[in-house]
Amino acid sequence: MNPVNYLYLAALLFTIGATGVLVRRNAIVLFMCVELMLNASNLALVTFSRLHGNLDGQIIAFFTMVVAAAEVVVGLAIIVSVFRTRHSASVDDSNLMKL
Amino acid sequence: MMELATPLTGAASTGEAVQFWVLAVVSVSGALGMVLCRKAVHSALCLAATMLALAVCYMAEGAVFLGVVQIVVYTGAIMMLFLFVVMLVGVTAEDEAKEPLKGQRIAAVLGGLGFGVLLIAGLANAKLRTFTGLSAANAGGNVQGLARLIFTQYVWAFEVTGALLITAAIGAMVLTHREHTEERQSQRELAEQRVRLGTQITPLPAPGVYARHNAVDIPGLLPDGTVAELSVNPTLRARGQMRDVSGDMLRRQDELESGSADWLGRKAPRPRTSTELIPQPVPQPVPAHQPEQAPSAPEEESE
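Line order of the protein sequences matches chains A and B. The opening residue of the first sequence carries number 0 in numbering that gives the first Met the number 0; numbering runs sequentially from there. The opening residue of the second sequence carries number 0 in numbering that gives the first Met the number 0; numbering runs sequentially from there.
Next comes chain A alone, as it looks inside the complex:
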């Protein structure tokens, strides 16, 4: 089997995540879709590391994981504080700036 199949899998997962971000309304599920996209890009980076035979791709994937953890912490805190004021986790209800 050609290891490029891992890249096809990564592309497929990224596409599913991107479509999910556009389709869903629940802010928590949106975050999960973003996580899926980050994971797919990590898989691509690991495969690139195998393609080139050095570990730099894995280092970048590692940093992506760290940034994803930080992003999730802040994002979920924002969701919780929005839920406290608006009593909804839907992204359509956060429209205070709209006339």
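These are calculated hints, taken from the structure and not from any lab test. Because the structure is a prediction, the values reported are computed rather than measured. There's no promise every hint is true.
SDA-like mimics (lysine to any residue), calculated; alpha carbons at most 20 Å apart, straight line [to be verified]:
1) B/K38 with B/M78
2) B/K126 with B/V142
3) B/K38 with B/A23
4) B/K38 with A/N1
5) B/K38 with A/D91
6) B/K38 with B/V27
7) B/K38 with A/D92
8) B/K38 with B/K101
9) B/K126 with A/Y7
10) B/K126 with A/N1
11) B/K38 with A/V33
12) B/K101 with A/D91
13) B/K38 with B/I70
14) B/K38 with B/T5
15) B/K101 with A/L21
16) B/K38 with A/R24
17) B/K38 with B/R211
18) B/K38 with B/L235
19) B/K126 with A/H51
20) B/K101 with A/V90
21) B/K38 with B/M79
22) B/K126 with B/K266
23) B/K126 with A/V20
24) B/K126 with B/R236
25) B/K101 with A/V20
26) B/K38 with A/H86
27) B/K38 with B/L22
Keeping the supplied structure of chain A fixed, place chain B upon it in accordance with the hints.
Below, chain B alone, put in the same frame as chain A:
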């Protein structure tokens, strides 16, 4: 035609191929389940399955450390955080069926399909057939190799991510922290308030029926056999997850009686209907001290 002739170097073994196809099916179906499930909890579980499958993929590709980190950080920490927030925000918070933008979902799916086709066509066009493999890079150990790179070439990025993590932790604390705008009520004040309002002075009744059921979703029974609604948590009541077992004893007695009637060859008694099984509330007598509240009204008017 020339490209097809180039030999494939660094091809995966048959075992890895089998593993890949199994994991690919698991991860893609997990991802689809995450997008399609209506409840956020189901989405979170589907995503956890996808992440575990990806962790095994990393390990198969020679990134052992990243595979372990994926399991510990993603499925361990991040997914638990997601589940905590789902519990805080409410499990039953579902997507609204109506679309604020007309045709947005169809357009999104079409756009996603086009994007995926472009990505995969681009990859297929690249014709990657020489995979160097990580056996040379991992010769001194995967973790040692990564550590050497992180603490030499990427040490600056490593320190910046440390600062980022601290900032994120402080940001989360600032965002979720709430200042008390008024002083917290003491126990005495709360008790006096309860007596003043007079709605429910005693503690709420406990859920469960003694000796048979003690689950929190089963309401306690009043002396006349009716259900004490107050004994069940208001969240469970709102979701309609209250389990009423008040008719169970009579139903079981009916079963026993019909069984013994069969055994003795007697005529079976008529089984109770559903309205007879559930005890109807006895009309409450009007409290005798009702007129005492009446004189308080003119006092308020005089103020």
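Evaluated hints:
no., hint, result
1, B/K38 with B/M78, "holds (15 Å)"
2, B/K126 with B/V142, "violated (31 Å)"
3, B/K38 with B/A23, "violated (24 Å)"
4, B/K38 with A/N1, "violated (37 Å)"
5, B/K38 with A/D91, "holds (17 Å)"
6, B/K38 with B/V27, "holds (19 Å)"
7, B/K38 with A/D92, "holds (18 Å)"
8, B/K38 with B/K101, "violated (23 Å)"
9, B/K126 with A/Y7, "holds (12 Å)"
10, B/K126 with A/N1, "holds (10 Å)"
11, B/K38 with A/V33, "holds (17 Å)"
12, B/K101 with A/D91, "holds (14 Å)"
13, B/K38 with B/I70, "violated (24 Å)"
14, B/K38 with B/T5, "violated (49 Å)"
15, B/K101 with A/L21, "holds (13 Å)"
16, B/K38 with A/R24, "holds (12 Å)"
17, B/K38 with B/R211, "violated (33 Å)"
18, B/K38 with B/L235, "holds (17 Å)"
19, B/K126 with A/H51, "holds (14 Å)"
20, B/K101 with A/V90, "holds (16 Å)"
21, B/K38 with B/M79, "holds (16 Å)"
22, B/K126 with B/K266, "violated (83 Å)"
23, B/K126 with A/V20, "violated (30 Å)"
24, B/K126 with B/R236, "violated (60 Å)"
25, B/K101 with A/V20, "holds (17 Å)"
26, B/K38 with A/H86, "holds (17 Å)"
27, B/K38 with B/L22, "violated (24 Å)"
Checked against the numbered hints given earlier, this structure breaks hints 2, 3, 4, 8, 13, 14, 17, 22, 23, 24, 27; the rest are met.
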